[in-house]
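Trainee: Letter by letter, the chains look like this.
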Amino acid sequence: MNPFSWRRLLAVLAKEFIQMRRDRLTFAMMVGIPIMQLCLFGYAINTDPKHLPTAIVAAESSEFTRRLISAMTLSDYFDIVATPASIDHGRELIARGDVQFLLRIPPDFARDLVRGERPALLVEIDATDPVASGNAMAALGPLVEQSLASEIKGPLAHLNPKPGSIDLRIQRRYNPEGLTAYNIVPGLMGVILTMTLIMMTGLAIARERERGTFENLLAMPVRPLEIMLGKLVPYILVAYVQVGVILVAAHLLFAVPILGSLWLLLGCTLAFIVANLSVGLLFSTLAKNQMQAMQMTFFFFLPSMLLSGFMFPFRGMPGWAQAIGELLPLTHFLRIVRGILLKVNGPADVWPNLWPLLAFTLVVVAFGAKRFRKTLD
Amino acid sequence: MTAYAIDVRGLSKSFGDKKVVDGLDLRVERGAIYGFLGPNGSGKTTTIRMLCGLLTADAGEGTCLGLDVRRDSNVIKSQVGYMTQKFTWWEDLTIEENLRFAARMHGLANARSVVDAALERLGLAQRRRQLAGELSGGWKQRLALAACLLHQPRLLLLDEPTAGVDPKARREFWAEIHALAREGLTVLVSTHYMDEAERCHRLAYIAFGKLLAEGTPQQILDQVGLCTFAIDGAPAVAVDEISRLPGVEQVVPFGLRLHVSGVDAATLSTSVAGYTHRHQLSWQPVDSSLEDAFIALMRGGKP
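Line by line, the protein sequences give chains A and B. Everything in the first sequence is counted per my numbering, starting at 33 for the first residue and increasing by one. Everything in the second sequence is counted per my numbering, starting at 54 for the first residue and increasing by one.
By construction, these hints were calculated from the structure, which means they are not laboratory data. Hints should not be assumed to be uniformly reliable.
[Claimed, not checked] The calculated label-pair distances, taken between Cβ atoms and stated as ranges, are: (1) B/D121 to A/A380: 53 to 63 Å; (2) B/S131 to A/L269: 22 to 32 Å; (3) B/R165 to A/A60: 27 to 37 Å; (4) A/M61 to B/A178: 30 to 40 Å; (5) B/R165 to A/A391: 44 to 54 Å; (6) B/E236 to A/N321: 37 to 47 Å; (7) B/D78 to A/L269: 50 to 60 Å; (8) B/D121 to A/Q327: 33 to 43 Å.
[What the hints assert, rightly or not] In silico lysine-lysine, DSS-like type, Cα no more than 25 Å apart, as pairs: (9) A/K320 to B/K71; (10) B/K71 to B/K193; (11) A/K320 to B/K72; (12) B/K139 to A/K320; (13) B/K263 to B/K72; (14) B/K71 to B/K139; (15) B/K263 to B/K139; (16) B/K263 to B/K193; (17) A/K320 to A/K402.
All C-beta atoms in this analysis are idealised placements derived from N, C-alpha and C, irrespective of residue type, glycine included.
Model the full assembly from the supplied sequences, consistent with the hints where possible.
Mentor: Structure (structure tokens):
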């Protein structure tokens, strides 16, 4: 028997494609999942929430107060939904979660302001989800000053808190409007590929094992490499279909710019696809049935979601969590995708995140090939 | 080239602490239909899997079609047809796709014509596009047999091929097995059916991974040396009473008859004669069946 036969590989490939075509549900899932997740997450996840419910306790009604309230409303960050009579009542609203912000304008605010006594504006925040209120909070300070500054003019102009002394300019690079979709949508590409690829390859061999057909396959004069490649190659094609769907949707639905080289992106994607397929293959050699393959997929998928920087800012994690994150292919792929799409990264910029993908694949394939035996022992 | 299609000695295999096959010697002549019998879990499937290279033996050596069982498993696979106990062809592929896959995996140059010929022979040419999963048990079995014959193997390993198949299909199946053997194919077949065991040229009976008896059906009967008497018209309640008599090892009802067997012929005949005299029943010696012999073997073979 010759060591490797293209004919046998083609036979396995043909079989896999036929089976994939017949398994309508799985096929629909492979195309449907990207679109569904993209729409769900792309539109749903927003780390720059606006229209946060706000309550204002105004102990006085002056031109300044009205000015401040209208400026807050116009900023889109704050929706003033309540004007409770007392601060205690306002705190109840926060406790119940009815409002996220409680702004208290003290009595004699206008008088103290005119006198230059620096009156205090108290803002209370429901900080249970810090991400949710961070941007709004950051917007509040300048907003208050600017809105008041326009009122403090003429003889009061000397009260202005010297605008020229500090000129703070915040420049949001790569995503000037701070659109979450720019971050989420390219990231989703990695998440979707991770989930579908590992699950599909894990299931593909576990399914044969579960149905007993693996025994039949092994009873044929076939090389492990032929089975492995025959099983994996169809999923590379599936993965590229998914990538295509996601990129088109990202561009059309979310207007995510594709600034860097598309070819470089597709090339790096191959490294990522193969890395995930190798994980799926390793799992499939460990799993006795489809259920186990599924469980292992989630065992791998959850840390990928949580520690890769997709869900939470990578730099916000403690060192040990970052170390785990660095081991995951998704972490590196996210950087590559965002780098190419948004920062016009070239091959040299991408390399520091490309080689970890290749190294990861090498290690996992080595383990998988060792576990993938031709026998049933 | 040896005269034996299978010639293995001391074959052993353990899963964990459990010794499934324990020092098994097996010799199967070329062109023979060799029956492989034994209770469930006796190691039949494991032995067959070791012969075709699906499992590696822990110990033992020997040849299969003159090829080393442990070293040449890949070559063995291409010359052996293995029909698994369960239906292990792809149920989501059509009949034709399954056959074509098998043909291509074995590297047959004329895959298409081989598959067409097999479909004709099976009588499945009309249903070639039917999914294998939709076939009835009998047709699945025929498909499985056809698929593992495509590459014209020289040895056929059949693991309980007729389990769950109706009597007519079983008879046709065995007719085909005999026809193949006449063409020179060696067949090793495991079974639980005694009528099938009687159709084999030679038999091996294994229990708890050990070979307990080997030979032609008649040789096995002689080897066990079981003596059987038939008692006519005994009431069903008599079974308990008779089985407590000295020398009685088995009492099996056959309709209105009871078959009473034991290896100690003298004691047995005294017991039976005494009982039938007391209850005024008729009795006579009959030939022991293979089933009686195997049950006797199984009792004796307990570790």
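Trainee: Hint by hint, say whether it matches the structure.
Mentor: Now the hints, each set against the structure:
no.: 1; hint: B/D121 to A/A380: 53 to 63 Å; in the structure: holds (55 Å)
no.: 2; hint: B/S131 to A/L269: 22 to 32 Å; in the structure: holds (30 Å)
no.: 3; hint: B/R165 to A/A60: 27 to 37 Å; in the structure: holds (32 Å)
no.: 4; hint: A/M61 to B/A178: 30 to 40 Å; in the structure: holds (36 Å)
no.: 5; hint: B/R165 to A/A391: 44 to 54 Å; in the structure: holds (45 Å)
no.: 6; hint: B/E236 to A/N321: 37 to 47 Å; in the structure: holds (40 Å)
no.: 7; hint: B/D78 to A/L269: 50 to 60 Å; in the structure: holds (51 Å)
no.: 8; hint: B/D121 to A/Q327: 33 to 43 Å; in the structure: holds (40 Å)
no.: 9; hint: A/K320 to B/K71; in the structure: holds (20 Å)
no.: 10; hint: B/K71 to B/K193; in the structure: violated (33 Å)
no.: 11; hint: A/K320 to B/K72; in the structure: holds (22 Å)
no.: 12; hint: B/K139 to A/K320; in the structure: holds (17 Å)
no.: 13; hint: B/K263 to B/K72; in the structure: holds (10 Å)
no.: 14; hint: B/K71 to B/K139; in the structure: holds (23 Å)
no.: 15; hint: B/K263 to B/K139; in the structure: holds (24 Å)
no.: 16; hint: B/K263 to B/K193; in the structure: violated (32 Å)
no.: 17; hint: A/K320 to A/K402; in the structure: holds (16 Å)
The structure fails hints 10 and 16 (numbered hints given earlier, in ascending order).
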